[in-house]
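Residue strings, one per chain:
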Amino acid sequence: MIAIAADDVRRPLGRVVATERRPNTPHEFHFWTALDANVGIGTIVRVDGTVVVNGHVPQIYGVVMEGQSWTDMLSPLDDVLGRDGQPDGGLVATQRTEIRLYTASVLRHIPDEPLQPVPMGTVWLADDHDIALALRMDGYVGRTAIPVGLYRSGGTESPVYLDADFLLGPEAAHLNITGVSGLATKTSAVEWLLQSIFAHFPADKGSVAAVCFNVKGPDLLYLDQPAALAADDLAMYEKLGVPAEPFQNVQYYAPYDAALRGLATIRSNEALQHNVQPLTWGLKEVLQYAVTLLDREDIDAKADALIDFITDRVVGQKFSDPMLGGEMIVHTFADLDQWFRTLLDGLERKDSQTWRTHHVATIRKVRNRLVNLATRCAGLVTDGADVSDLPFGTFEDRSVHVLDVANLEEDAQGLIFARVVSKLREHLERRDLGVNHVVVFVDELNKYAPSDGPETYVRRMLLDIAERGRYLGMVLFSAQQFRSQVHKRVVGNAGTALYGRMDGDELATPGYAVLSPAVRTKLSTLDKGQLMVRHPHFTQPVFVRFPRPSVLTGRLGVERFPAAPLEEFDAAMLRRLRRFDGGLTLDWLRSVIALVDEPDVIRAVRATEREAPRDARSFFSAQFRRQVAPRELAAPQALVQPLARPVGDDPYGF
Amino acid sequence: MQHAAVTILGGAVRVCDVPPPAHTTFEGFLDGIQRSTTIAYVDGVPLLHGTAAAAIRARDADGRMITWRAPQIDHAIYASRVLLGDATWNDIGAILDARGQSLYDSDDALPVTSRHPSSLLRQALDALSRVRNDLERAVGDTWCDAHPERPLYVDGSVRTSHAMMRSPGVIGVVKSHATLYVPDDALGLVTALGAGQRTSVIVALDAADRPRFLTWYLRLRSAAGRDPFFGLIRVECGVRDADAREAESHADTASAWLLAERSPIARPDARWDVMPYAIRDCEVYLRAVA
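Protein sequence lines, in the order shown, are assigned to chains A and B.
Position one of the first sequence corresponds to residue 136 (the working numbering), numbered consecutively onward.
Position one of the second sequence corresponds to residue 2 (the working numbering), numbered consecutively onward.
The hints are simulated quantities; they were obtained by calculation from the structure and are not laboratory data.
The beta carbon of each residue, even a glycine, is placed where N, CA and C say it ideally should be.
Heads up, some of the hints might be wrong.
[Stated by the list, open to error] Example chain B residues on the side facing chain A (calculated, C-beta under 10 Å, incomplete):
(1) Gly11
(2) Phe30
(3) Gly64
(4) Asp207
(5) Ser264
(6) Pro265
(7) Pro269
(8) Ala291
[Said to hold, decoys possible] To spell it out: a stretch of chain B is covered by chain A in this simulated footprint if at least three of its residues, at any positions, have a beta carbon under 8 Å from a beta carbon of chain A; those stretches are:
(9) 15-29
(10) 252-263
Start from the sequences, fold in the hints, and give me the full structure.
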């Protein structure tokens, strides 16, 4: 195949033709080829002109966007006549003259001026050099090139590069990928591209990290585990200069499950716990983003004002008020509940309807809504003060942080997204995140940034990243099944767009009208690992292949590292503690927590996890108040004789 | 209507059923075209620009047509030298020569009989036809020299070329029937031929009554309800040193090949009933390049 391919590149592929009814223009031309020519939709070709213009023989690069074939048959009836009406009948001695006519969209004219219609000339399959020129990659290859895949056609196999300045900023930024579900294309493409970015992002552009929100399934949960790759994939890695290795620095974060017995993630296999951390926030962390959880129609301006007051004046500081009867410090949801109770009791005692201009009804309402947050986001929001968070400020270069929010309610997902993105933004603005660029990957954009439906905090944040993120170094990599149903400003601000196999209904929407019918057909039949790429440097979409990610797929990961089974409470707590001391036993734990309530045990486990003490056994035990040691009760001593002894067989003893 | 001098093998024209065609072995298809335009009149004498071309299109193993060697193409001006006079003739010749074109005397074969412009034009067209025939013959002879055994389908008569007459694989197909090769009393039999039927072999004689070539009529397509000549062709081939039985056998074989060439149909050419697609292909090719 390679030998044939080499010949194909050396032999002319076809010839440019133009008629009055089908003329060539500066942006489009037609050419015919032999019937066996190795050309198809997406093939990049070069036209060598024959007439010198302004001192140069023009060369034009184009990508095939449409193909047609026909014969000299005047009417289908001719074939019926020729075969005596029998489809398999008759001897057909001669094959009819047939034409293969292709239409190509111009990628580039060399020289650029004067811009003229494409001249008649010979058409050649593009080689590596041609591909670089055609896609204008010659301007950034060797400086800011990020491999996105291999262009393969007609035996040519050339790397295609994105420009980091247009992928991660500052010129343009953001990437959006769309395609039908179930082919693993979207997630695989993002995993591959992150690997490519980590391998090729130039050092002089600074450092880069990724924050991925795993909103469904296990696909992002084994990024640190190697995959068995086929030879073809390995060859692609080699050609594209990306190490076929899993990510070296990955941290996983997940809130606890609702019962607080373990983390709400499928990545719960004991062998993978070394880089899995709980994601838990306390009152202070949550209150700032409480608006994401509160119903805007329910929380009016008065309630908003009270929440702001509590956030600014009450939480985390000494607060005294005559109505409270003294000084209080609110650190936790439990403290806040106590604060509200004290306040309301004071109001009742004094028979007052207002406190600091806030009506008692508003106070009751805000108390109800805020204290309820701990219940609605149980597992994420702690009732105590223990916090486990992303390492804002110490992000490492080429690190990946995966937040597994797949098992959470939408409220909690929204809260996590809002807070994490806000924190990233704050740190990027202050230039103290630890890295200069952070890629935020969000799947299911149809759900989080729909083109219609109510305005949500998450959608506003996505819009904000899309429109202003590139100035900060915050880059949105987003994915969805139906691009047409995503907010236009989110996808419109994505400088780079990738398309996997597309659904026919989606392709019928107006957004795809700019593509030729042949390109739409190709999009609807793309294989796994094939993408159509749009990038600011490419004047036309380009089809590329990318290798399978060198990380374990979600399906294989679940098979190889099955999730830990649901455990009894004490076994679940022991598993969490054994991360710090493998010698701890269930008997020891049971003896320590025998008389302790579950919430106190959880609090102690969290404290141990937070502190990661050298002597976990002692640290954990010290978290409980001294208890009276249990002891066996002696057999009761009979001090009073029974009034009467039973007589004979009278059971009543009378 | 003219009658050719013939001898009927077996004494009388018979109707023969051709064996069903299983395949065709024609490898080459020879055809020619001509095109003309009257470009000027000099003292009432027409100057005709004529293009004649001939080529063989070969059929490869996949049934696709490719050109065998280079086509023969001739562009020239045809005029009556006698009527133009030597001085004018030489002036025009010099101009054309500078442009790389030729000037042919249309009186070369036949003397001028009338100064009527239509007559002169007809004479020029006849000259152009002769050039076309020469080109066809030259191309055919080249084929016969190169591949004397390989079957060649010739659109038209083969009797003008000794080489083609001698080559056993060459078959000429005549689509017009201005000259009859059967006696009048056998004409009804010819016009009544059904699809896939032929006449027995007829020996055409030269002026000395010697066998010149073999010919027979073949009905390619049913003419029911149509012109009696619809789908009717006359086949020519050289005379072989063989007996009548072998001649009939050869006619069966060649007729079966010709029947196999009926598909694909040669539409939209108006002569599709008697023209194989490969000959149409050759004509289209020549029109494109000549």
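For each hint, the structure was consulted:
Below 10 Å, beta-carbon pairs count as interface contacts, and B/Gly11 has none with chain A, the closest being about 30 Å; its hint is therefore violated. Of the supplied interface hints, the one on B/Phe30 holds, with its beta-carbon coming within about 9 Å of a beta-carbon of chain A, less than 10 Å. Of the supplied interface hints, the one on B/Gly64 holds, with its beta-carbon coming within about 4 Å of a beta-carbon of chain A, less than 10 Å. A cut of 10 Å between beta carbons decides the hint on B/Asp207: the least distance to chain A is about 34 Å, and the hint is violated.
Using the Cβ-Cβ criterion of 10 Å, the hint placing B/Ser264 at the interface with chain A is satisfied: the shortest such distance is roughly 4 Å. With a cut of 10 Å, the hint placing B/Pro265 at the interface with chain A holds, because the nearest CB-to-CB distance is about 5 Å. Below 10 Å, beta-carbon pairs count as interface contacts, and B/Pro269 has one with chain A at about 4 Å; its hint therefore holds. For the restraint placing B/Ala291 at the interface with chain A, the shortest Cβ-Cβ distance is roughly 17 Å, beyond the 10 Å limit, so the hint is violated.
Beta-carbon proximity to chain A at under 8 Å applies to 5 residues in the segment 15-29 of chain B; the threshold of 3 is reached and the given coverage holds. Given a C-beta distance limit of less than 8 Å, the hint that chain A covers the segment 252-263 of chain B holds, as 3 residues qualify and 3 suffice.
The structure is inconsistent with the numbered hints 1, 4 and 8, although it conforms to all the rest.
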